[in-house]
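Using the hints, position chain B with the ligands against chain A.
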Amino acid sequence: MTKLKLVDVNYTYSEGTPFRKDALRNINIEIEDNCITGLIGHTGCGKSTLVQLLNGLLFPTSGEVMFDGKNIKEKGYDLKTLRHKVGLVFQYPEYQLFEDTVYDDIAFGPKNMGLDKDEIDRRIREAALFVGLEERYFEVSPFDLSGGQKRRAAIAGIMAMDPDVLILDEPAAGLDPIGREEILGGIYSYQRKRKNAVVIVSHSMEDMARYSDKLIVMNGGEVFMQGNCREVFSETDKLLSVGLDVPQITKFMRELKSKGVDVRTDIFTVDEARAEILSKIGGRGNA
Amino acid sequence: MLKDITLGQFFPGRSFLHRIDPRTKIIAALLYIVAVFLCDSIMSFIILLAATLALIALSGVPVKIIVKGLKPLIFILAFTTIYNVFFYKGDHILVHWKFITIYLEGVVFALIMGLRIICLLTGSSVLMTYTTSPIMLTDGIERLLSPLNKIKAPVHEFAMMMSIALRFIPTLVEETDKIMCAQKARGADFSSGGLIKRARALIPVLVPLFISAFRRASDLAVAMECRCYRGGSGRTRMTKTHFGARDVILFTATVILGTVIVLSNIYFPIWMI
Ligand SMILES: Nc1ncnc2c1ncn2[C@@H]1O[C@H](COP(=O)(O)OP(=O)(O)O)[C@@H](O)[C@H]1O
Ligand SMILES: [Mg+2]
Numbered sequence: 001m002t003k004l005k006l007v008d009v010n011y012t013y014s015e016g017t018p019f020r021k022d023a024l025r026n027i028n029i030e031i032e033d034n035c036i037t038g039l040i041g042h043t044g045c046g047k048s049t050l051v052q053l054l055n056g057l058l059f060p061t062s063g064e065v066m067f068d069g070k071n072i073k074e075k076g077y078d079l080k081t082l083r084h085k086v087g088l089v090f091q092y093p094e095y096q097l098f099e100d101t102v103y104d105d106i107a108f109g110p111k112n113m114g115l116d117k118d119e120i121d122r123r124i125r126e127a128a129l130f131v132g133l134e135e136r137y138f139e140v141s142p143f144d145l146s147g148g149q150k151r152r153a154a155i156a157g158i159m160a161m162d163p164d165v166l167i168l169d170e171p172a173a174g175l176d177p178i179g180r181e182e183i184l185g186g187i188y189s190y191q192r193k194r195k196n197a198v199v200i201v202s203h204s205m206e207d208m209a210r211y212s213d214k215l216i217v218m219n220g221g222e223v224f225m226q227g228n229c230r231e232v233f234s235e236t237d238k239l240l241s242v243g244l245d246v247p248q249i250t251k252f253m254r255e256l257k258s259k260g261v262d263v264r265t266d267i268f269t270v271d272e273a274r275a276e277i278l279s280k281i282g283g284r285g286n287a
Numbered sequence: 001m002l003k004d005i006t007l008g009q010f011f012p013g014r015s016f017l018h019r020i021d022p023r024t025k026i027i028a029a030l031l032y033i034v035a036v037f038l039c040d041s042i043m044s045f046i047i048l049l050a051a052t053l054a055l056i057a058l059s060g061v062p063v064k065i066i067v068k069g070l071k072p073l074i075f076i077l078a079f080t081t082i083y084n085v086f087f088y089k090g091d092h093i094l095v096h097w098k099f100i101t102i103y104l105e106g107v108v109f110a111l112i113m114g115l116r117i118i119c120l121l122t123g124s125s126v127l128m129t130y131t132t133s134p135i136m137l138t139d140g141i142e143r144l145l146s147p148l149n150k151i152k153a154p155v156h157e158f159a160m161m162m163s164i165a166l167r168f169i170p171t172l173v174e175e176t177d178k179i180m181c182a183q184k185a186r187g188a189d190f191s192s193g194g195l196i197k198r199a200r201a202l203i204p205v206l207v208p209l210f211i212s213a214f215r216r217a218s219d220l221a222v223a224m225e226c227r228c229y230r231g232g233s234g235r236t237r238m239t240k241t242h243f244g245a246r247d248v249i250l251f252t253a254t255v256i257l258g259t260v261i262v263l264s265n266i267y268f269p270i271w272m273i
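Residue numbers (the working numbering), protein chains in the order written: chain A, 1 to 287; chain B, 1 to 273.
Bound-form chain A, shown alone (with noise of 0.2 Å):
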C-alpha cells in the first residue's frame, strides 16, 4: 500500500534572493508500506531535501505531499502527528544527543508522543536491541560513546517512536565497513519484523543493492530512475553516463561478459552471481 505520495513536487531555497537554489524538479514518487526503499544519489542532488518534505518539515514549492492518500498541506491537518507517524533521522543525527544518559535521550521522542513510563521501556529496550546498543550503556552519558554508538543510539531514538514510515538520512555515513554492515542490518532485520515502511538515503550502490527493495535514484534535483534493484542495476550505461556507479559485482560481471563468457549482467549481490557463474561452467555449488 502506498504510505507517501510525491506528486509534481518542486522545492527551491531562498525564493527571491540572490541565494535561490532549485534543489527538486518535478519529483514523481511513492513510499510503500513493506519495503525498503533505497534513495541514491550523488552529494548535492536533493536528497535530504526530498526526506524533509516527507515529514513536513518542508513544504514544496508547488506540488503536493499525501501521507495515507491526505495532503499535508491541507488547513488543519495534524503535523505533530505526521511527525510521530513518519520518523525522520537526519543525517549526522549523534548531534542531537543532548539528554544525560543514553537510556533519557532514546526516550524524548516517545515521552513527546505521550506514552506511559512502561511502554516507553519496552519500546527502549526493543529500539535498543535492533541497533545493536547493550544495556550496559543505557546509564551512560550520551557523550561519553563512541561515534558509532552515539549513532546508534539517535536512530533508536526515532525506531523508539515506532513510526508507520522510518526515514534514515545516510545511516552508515563516515563509519567503518563494520559499523556500517551492523547499522544497516539492523535496520534491515527491524523493518523485516515490522514490515513498515522504511527509506535509507545513501550514496552507496554497493549498499542500497544489498538491503533496499526498491530504489530510486536522483540526479541534479530530479529523478533519474526507479524500479527495483534489477531494473535499475541492468541499466548500467545509463548510471555509468552520470557518474554513478553499479555495485562491483556487476561491474564484475559485465567484464566478464565482455570478455566472451555468456553470463548475465542484471546481477548485483555476490550469491547470485556465484549461482550463475557455476550453472554457466556446469559446476555444482557445493560451499
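Simulated from the structure, these hints should not be mistaken for laboratory data. Warning: the hint list may mix true and false statements.
[Unchecked claim] When the alpha-carbon atoms are kept at most 35 Å apart in a straight line, the in silico DSBU-like pairs for lysine-lysine are as follows:
id	chain 1	residue 1	chain 2	residue 2
1	B	Lys178	A	Lys193
2	A	Lys73	B	Lys64
3	A	Lys251	A	Lys5
4	B	Lys152	A	Lys75
5	B	Lys71	A	Lys75
6	A	Lys117	A	Lys85
7	A	Lys70	B	Lys98
8	A	Lys117	A	Lys21
9	A	Lys259	A	Lys280
10	B	Lys152	A	Lys5
What follows is chain B with the ligands alone, placed relative to chain A:
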C-alpha cells in the same frame, strides 16, 4: 525561519557601493551617523531622506530586503513613538482627555525620532553590512585601527576574533535550524505552552548547539595552528583594496551631506509648528 534575519547580512553584488574600499565605507558611515544626529529642521530631514534613498539606489539592494531588515526594529520604534506622543510637553494641545494630554510638538517629535532611527539603521547598514562582506569589513576595521599597534593594542587579534565570530554566525544559525528540525522530527514542540515550557523546550536545542560550537572552536584552533598561524606580525593580505575615484566621490558626498545639513539648520530653522 531563523534564516530570514537579514539585518546585518551581506547582500552580494557589484554595485557602486559594493566596489568601494571598506575603510571609506566605515568612515562614510560614521559621518552619516553624525549627520543624522545633526538634523534639526524640516529641510535637513528632507535632505537626509534624499541622501538615504540615494544610498539605497547606489547599493543595488532591493527595497523589499531592506524593509524586511527593519522588522526587528518595530518594538523600539513603537516604544519611542508612544513614549514621545504621550509624554512630550509643548504649547499646542491636540487632544485633552482626562489625564491624557497630547501635544502637537510630541507628535512631531515622535515622527522625527522614528525617522531618525529608521534612517540611522538603513543608512549605516546599506553603507556597511549589506554591501561589504564581513571579511572585508573586519579587514577595513583592522587597517583603520592599525595605528593603535604602536601602543601595543592587539588590533590584529581583535579583528581576527571579529571576523571569525562573523564568519560563524550563519553557520551557527544554520546549525540551530538543523538541530531544531531534528528535534521537531522527534516530536519536540517549540511553539506552544507557557513561557517556562517554551524555555525548557529549548534545552534539546541549546545543549547540542553549545557542544558543537566548542567542538568547532577547538577544531578551528588546531587547523589554524597546523597552518602556522602565529598572529598578525608579518602577515600579508590575499586581497588588497585601494582607494580610487569612487572612494573620493563617496567621501566628498558624505562630507557635503553633513555640511548641507548644518547649513540648512542655520538658514531654514523651521519646524511645522
Ligand atoms: N538550507 C539550504 N539553503 C540553501 N540551499 C540549500 C540548503 N540545503 C541544501 N541546499 C542546496 O540544495 C541542494 C540539495 O541539497 P541536499 O538536499 O542537502 O543534497 P544531498 O542530501 O543529496 O547531498 C544542494 O545544492 C544544496 O547546496
Ligand atoms: Mg544529504
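Hint check results:
1. Lys178/B x Lys193/A: holds (31 Å)
2. Lys73/A x Lys64/B: holds (27 Å)
3. Lys251/A x Lys5/A: holds (33 Å)
4. Lys152/B x Lys75/A: violated (63 Å)
5. Lys71/B x Lys75/A: With a Cα-Cα distance of about 27 Å, the restraint between Lys71/B and Lys75/A holds, given a limit of 35 Å.
6. Lys117/A x Lys85/A: Within the cut-off at roughly 20 Å; holds.
7. Lys70/A x Lys98/B: Judged against 35 Å, a Cα distance of about 58 Å means the pair is violated.
8. Lys117/A x Lys21/A: violated (45 Å)
9. Lys259/A x Lys280/A: Between Lys259/A and Lys280/A the Cα gap is close to 14 Å, so the pair holds against 35 Å.
10. Lys152/B x Lys5/A: violated (65 Å)
Hint check: violations occur at hints 4, 7, 8 and 10; the rest are consistent with the structure.
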